[in-house]
Amino acid sequence: MNRSSFWQSGLVSFYENKLALTGIVLLFVLILISILGPLFTPYTYFETHLSLKNTAPCPQFWFGTDELGRDVFTRVCRGGQISLFIGVTASCIDLLIGVVFGAFAAARGGKTEEFMMRCADILHSIPHLLVVILLTVFLGPGLSTILIALTITGWIKMARIVRGQVKQLRETDFVKVSKALGGSGGHIFFKHLLPNCMGPIFITLTLTIPGAIFAEAFLSFLGLGIEAPVASWGSMANDGLPALQSYPWRLFFPAGFISLTLFSFYLVGEGLRDAFDPRIHS
Amino acid sequence: MRCFCKFLSKKIAIFAISIWIVATGTFFLMHAIPGDPFTQDQALPKEILEAMQAHYGLDKPLLVQYAGYMKGLLTFDFGPSLKYQDRTVTDVIREGFPVSGLLGLEALFLSFVFGILFGSLSALHRGGWQDKLLMIVSILGISIPSFIIATFLQYTFAMKLSFFPIARWGSFAHTVLPAFALSALPCAFIARLSRSGMIEVLQQDYIQTAKSKGLSPYLIIIRHVLRNALLPVFAYLGPLSASILTGGFAVEKIFGIPGLGQWFVTSISNRDYPVIMGITIFYAAFLLTSVLVMDIISSLIDPRIQINSETP
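As they're listed, the protein sequences go chains A and B. According to the working numbering, the stretch in the first sequence is residues 1 to 282, in order. According to the working numbering, the stretch in the second sequence is residues 283 to 594, in order.
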């Protein structure tokens, strides 16, 4: 009863938030373009047309072509698929590790918890992008490298949030009652603790996805991420940078798509936080 | 006071362990990479290769190299660069850091001035169109990566309008665009922190008292509100400088600035491992130190930060 009204009031205030709704719509459109866009062009993302290189945007090539005559629109769509894949996969791995680590730490308590959280603190104090860059140097560029590098420190935030929530919830009456009634640890965790953690977990998730997308774009922009011929927004921006003065569309389209995607993710994430964060509510 | 000592020693212990982990981690990572910097398209004769490895001490057992490297670190000796002869990593840092540091300070200054200005404006017009507009701008500032803002600024203000030089380093005019690009994210962040801080402070009783005494709104803001509202901003100075620093990798590349970030990126593509290691450790130590110092300062300024309580 109490919980459903919490969700309802949260959803209502989310729907009333015009910015957040704009974010959802934008995100939906961007995902549709990335997935369905290539169906509307006769080109593939790696197909070269050397005689038509650096063509300005025109009806034949909507976003123009790059230095090898590849269709920028198809490549932007392909880059979008990769960015979304990386964002969602990395966040899901973060989520999994974070929930297991955080819940385990909170459940054990005492010295084990102290030790686990100190380790997390130390890992967290090391600048995230430095770790990611070092690992890409070590593992060599590629999709799996980026995923490993992003998740190796990415889970910490989630673990901290889950631990905090679990610790807080354990002190609530309904969990104590469940315990007194003989509920097993697993029952309490899955039936009571986890469902009540979902709000903060979900909000964190909508903010870690754009974080991962940004990190991939940043790495690829530095030339450490996705390698040719596979397209990524960051690597396309990197390729377009030297030609900025003569062929600006080669940089502007991928850059615009990165910015729009991150912007709409943040709009949604902020909206969710405002709607569901009880601290802001009260 | 005993509490504070405990807090301090805990912080310093974490600081020391973190630096040690970074140094050890980078050392073993860089030494575990298959192949070495001397691997080129044209294979070197065996004798020369061995002589070079002996010169750089790469023929010794790994643990001996590790001990030597750690000993060097204590005296800020990061070893020689493998790519540029007669140049040590310390030289590279000494050359690159003042450039990056100047740019970073300029960006930090800009983000403080504009962040606090925008934050106060939003808080004073809470709910009004100014507030909403600034809120959208701040989400834009947080979400758009600095390397995209940098290219946009370069294209518009340097290439099309020719207000500023397109690239390179030298005069104050060269620093303006990169500093603005770097300051976007911290500026947005500071704006939001100071907005929520000010809104909270404006509701306090002592502000009502100041108002009822007939103090002018501007005096109230300057004397009472800003001082208390800005504490959370200072607490975030560590992460903020981290973002300026890593943003520098891309922004220095775009504007061709000979800073430490540019060196870092070049040394990665050159596979110049000692330089990669040295700059990583230097960056990590620099950031960790600034976080530590900010933690201590903000706990000294603000008695509300309970130093004995667990950090969330």
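Careful, some of the hints might be misleading.
Counterexamples of contact, computed for chain A against chain B with all Cβ distances above 12 Å [claimed, not checked]:
id	residue
1	19
2	23
3	170
4	187
5	222
6	234
7	238
8	256
9	259
Restraint ranges, calculated between C-beta atoms of paired labels, are given here [stated by the list, open to error]:
id	chain 1	residue 1	chain 2	residue 2	range
10	A	140	B	354	24 to 30 Å
11	A	144	B	567	54 to 60 Å
12	B	445	A	104	55 to 61 Å
13	B	345	A	123	23 to 29 Å
14	B	575	A	39	30 to 36 Å
Covered stretches of chain A (in silico footprint by chain B; criterion: 3 or more residues with CB under 8 Å from a CB of chain B, positions within the stretch not fixed) [to be verified]:
id	segment
15	12-18
16	24-31
17	38-48
18	147-158
19	239-249
Don't read these hints as lab results, they were simulated from the structure. It should be emphasised that the depicted structure is a prediction, and the values quoted were computed from it without experimental measurement. Ideal placement from N, C-alpha and C gives every residue a C-beta, glycine not left out.
Going down the list of hints, with the structure as the test:
With 12 Å as the threshold on Cβ separation, the claim that residue 19/A sits away from chain B is violated: the shortest Cβ distance comes to roughly 7 Å. Some Cβ of chain B comes within 12 Å of the Cβ of residue 23/A; the nearest lies about 9 Å off, and the non-interface call is violated. The non-interface label for residue 170/A is consistent with chain B: the shortest C-beta to C-beta separation is roughly 15 Å, beyond 12 Å. Separation of residue 187/A from chain B is adequate, the least Cβ-Cβ distance of about 28 Å exceeding the 12 Å criterion.
The non-interface label for residue 222/A is inconsistent with chain B: the shortest C-beta to C-beta separation is roughly 6 Å, within 12 Å. Listed as outside the interface, residue 234/A is inconsistent with that label: its C-beta sits roughly 9 Å from the nearest C-beta of chain B, within the 12 Å cut-off. The claim that residue 238/A is not at the interface with chain B is violated, since a C-beta of that chain comes within 12 Å of its own (minimum 9 Å). With a closest Cβ-Cβ approach of about 8 Å to chain B, residue 256/A is found to fall inside the 12 Å limit, against its non-interface label.
For residue 259/A, the requirement that its beta carbon stay farther than 12 Å from each beta carbon of chain B is not met, with the minimum near 5 Å. Distance hint for residue 140/A and residue 354/B: a CB-CB separation of about 28 Å, consistent with the stated range 24 to 30 Å. The hinted window of 54 to 60 Å between residue 144/A and residue 567/B is violated, with their beta carbons roughly 30 Å apart. As the Cβ distance of residue 445/B to residue 104/A is approximately 56 Å, the hint placing it in 55 to 61 Å holds.
Distance hint check for residue 345/B and residue 123/A: the Cβ-Cβ separation is about 24 Å, which falls inside the suggested range of 23 to 29 Å. The supplied range of 30 to 36 Å is broken by residue 575/B and residue 39/A, whose beta-carbon atoms lie about 55 Å from each other. Counting residues of the segment 12-18 of chain A whose C-beta sits closer than 8 Å to any C-beta of chain B gives 0, which falls short of three, so the coverage hint is violated. For the segment 24-31 of chain A, the proposed coverage by chain B is not satisfied: 0 residues have a C-beta within less than 8 Å of a C-beta in that chain, short of the threshold of three.
Look at the segment 38-48 of chain A against chain B: 0 of its residues bring a Cβ nearer than 8 Å to a Cβ of that chain, fewer than three, so the hint is violated. For the segment 147-158 of chain A, the proposed coverage by chain B is not satisfied: 0 residues have a C-beta within less than 8 Å of a C-beta in that chain, short of the threshold of three. Evaluation of the coverage hint for the segment 239-249 of chain A: fulfilled, as 4 residues show C-beta separations to chain B shorter than 8 Å, against a requirement of three.
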